[in-house]
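Chain order of the listed sequences is U and L. With numbering that gives the first Met the number 0 as the guide, the letters of the first sequence map in order to residues 0 to 216. With numbering that gives the first Met the number 0 as the guide, the letters of the second sequence map in order to residues 0 to 216.
Worth flagging that the hints you see were computed from the coordinates, not collected in a lab. Remember, it's a predicted structure, so these values are computed and weren't measured experimentally.
In silico SDA-like pairs for lysine to any residue, Cα to Cα no more than 20 Å straight-line:
(1) U/53 x U/31
(2) L/16 x L/52
(3) U/63 x U/48
(4) L/215 x U/95
(5) U/215 x L/159
(6) L/215 x U/92
(7) L/215 x U/91
(8) U/17 x U/48
(9) U/63 x U/18
(10) L/179 x U/147
(11) U/215 x L/157
(12) U/215 x L/87
(13) U/215 x L/84
(14) L/215 x U/153
(15) L/63 x L/48
(16) U/179 x L/137
(17) U/16 x U/55
Partial pick of chain U residues on the chain L-facing surface, computed with a CB cut under 7 Å:
(18) 87
(19) 89
(20) 93
(21) 135
(22) 139
(23) 154
(24) 165
(25) 172
(26) 206
Don't be surprised by glycine CBs; every beta carbon is placed ideally from N, CA and C.
Protein chains: 2
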Amino acid sequence: MTTTAVPADHLRLRERKKLRTRRALVDAALELFTERGFEATTLDDLCAAVEVSKRTFFRNFAGKEDVALTPAQDMWAAFLDELERREPDAGRPVMEMVQDCLLAAVGRMTAGDWARQVRLGELLAARTPSMGAYGLHLCDRTTREALAILRRRLDLGGVDDLRARLVLDLLVAAWRGALKSWASLPGEPASGDLTACLRAAFAAIPGCLTLTAAPKA
Amino acid sequence: MTTTAVPADHLRLRERKKLRTRRALVDAALELFTERGFEATTLDDLCAAVEVSKRTFFRNFAGKEDVALTPAQDMWAAFLDELERREPDAGRPVMEMVQDCLLAAVGRMTAGDWARQVRLGELLAARTPSMGAYGLHLCDRTTREALAILRRRLDLGGVDDLRARLVLDLLVAAWRGALKSWASLPGEPASGDLTACLRAAFAAIPGCLTLTAAPKA
DNA sequence: CACGGCCATGCCACTCGGTGGCATGTGCCA
DNA sequence: TGGCACATGCCACCGAGTGGCATGGCCGTG
Chain U
0 MTTTAVPADH LRLRERKKLR TRRALVDAAL ELFTERGFEA TTLDDLCAAV
50 EVSKRTFFRN FAGKEDVALT PAQDMWAAFL DELERREPDA GRPVMEMVQD
100 CLLAAVGRMT AGDWARQVRL GELLAARTPS MGAYGLHLCD RTTREALAIL
150 RRRLDLGGVD DLRARLVLDL LVAAWRGALK SWASLPGEPA SGDLTACLRA
200 AFAAIPGCLT LTAAPKA
Chain L
0 MTTTAVPADH LRLRERKKLR TRRALVDAAL ELFTERGFEA TTLDDLCAAV
50 EVSKRTFFRN FAGKEDVALT PAQDMWAAFL DELERREPDA GRPVMEMVQD
100 CLLAAVGRMT AGDWARQVRL GELLAARTPS MGAYGLHLCD RTTREALAIL
150 RRRLDLGGVD DLRARLVLDL LVAAWRGALK SWASLPGEPA SGDLTACLRA
200 AFAAIPGCLT LTAAPKA
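Kindly generate the complete structure, drawing on both the sequences and the hints.
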């Protein structure tokens with residue numbers, strides 16, 4: 000079952016129809032939320048715009064916040080997939096491995112307007128508390144799933160060893176920092192620019208343990 | 000059953016009354032949510048138990064999730080206060096300084112049942128998605144405020160330098176790990192045990208950059 | 001001590017997010 | 001072609017959260 004990332008032409012008509020309304024909902028939601036604001040846009044507005052009943056909306060999405068963060072979730076799904084597939088290298092720090100997986104996941108997001116949509120979602124999340132909270136919740140869920148994959152595939156310590164969890168939290172922190180910088184770039188940055196921001200964020204990681212600072216005047 | 004950080008006897012009668020209903024709401028909420036479950040408990044139930052109108056509930060708290068995480072928020076408030084007061088040491092890593100502040104903040108939480116209430120809140124957040132999301136949101140807000148304080152008091156790099164942000168995210172990650180372990184301890188762990196969990200989490204931080212792992216059979 | 005202002009509260013009506021049940025239509029397969 | 005499964009639409013309902021307005025108790029001033 001391919002998630003939602005790819006067009007997937009080899010589907011039954013039924014599934015394609017369902018997928019089409021799903022995408023129409025995401026498109027319309029990001030458009031309306033960006034224009035009128037998140038809370039100012041009613042679910043009825045959105046459903047009316049797509050000509051869909053409220054009931055089917057909730058069969059496709061967990062809630063109002065969910066639909067706007069679908070592009071980001073697609074990326075995280077690809078990340079988990081990378082984590083599952085990647086050949087482990089015993090001598091290499093886990094930190095580097097998960098960074099590679101994240102970069103690869105972003106590289107996989109080739110759908111035409113993925114970059115634009117994930118950016119709109121980020122800008123909305125930055126100014127809407129409930130969306131921000133839901134986005135954090137998604138990141139947290141992903142880190143838990145990623146941790147489960149790592150523990151299944153690698154020989155990490157006991158469950159009381161926090162290091163693997165910290166690795167993933169640090170990865171997510173770098174991702175959020177990179178996403179924020181990238182979304183604030185002028186114009187309409189492409190996913191290549193996001194990769195660059197991500198690399199810069201990764202480069203900042205080693206320095207955070209030793210960072211010192213002088214008091215200001 | 001005191002809840003908030005300071006007793007503050009030197010308040011007007013009006014303020015004391017307000018504070019008392021606030022505490023009664025927190026107490027009753029944690030009790031009811033733990034007994035019947037978060038979503039199974041209606042706001043009307045809670046308000047009826049405290050004999051307060053729904054309207055005044057919302058004058059004291061941002062929502063249903065908010066009231067149950069008040070004890071945790073009190074701790075974060077103390078943390079920000081420590082961050083504000085602490086004498087900076089130019090030669091010492093920022094990471095160590097913020098760790099000290101967090102330990103000090105926990106040490107300040109001397110109210111009788113703070114430990115019990117923060118533990119109940121954590122257990123609820125672990126099994127209630129909306130509460131988990133709200134808790135993450137609170138952590139995020141705190142890191143932003145902490146970052147603002149650090150940038151005001153210390154000479155950190157430009158705003159594009161992610162290192163300070165990563166320091167705080169790592170601190171929060173360690174806190175969450177420690178809190179989770181602590182809340183799962185058998186019996187009714189005290190705040191001293193929380194301090195111990197925190198120290199253990201801090202000790203795990205340096206190893207996360209270099210962690211390697213062999214693939215499993 | 002009395003008055004007037006202020007502030008928290010209570011009550012009421014309303015919007016909107018989210019859910020369950022049931023009927024219907026349409027793709028799918030034998 | 002007929003029956004099955006599934007997605008959808010419609011409807012009624014619950015509960016969270018908000019705004020407005022009246023009330024009553026706390027508080028400073030004369």
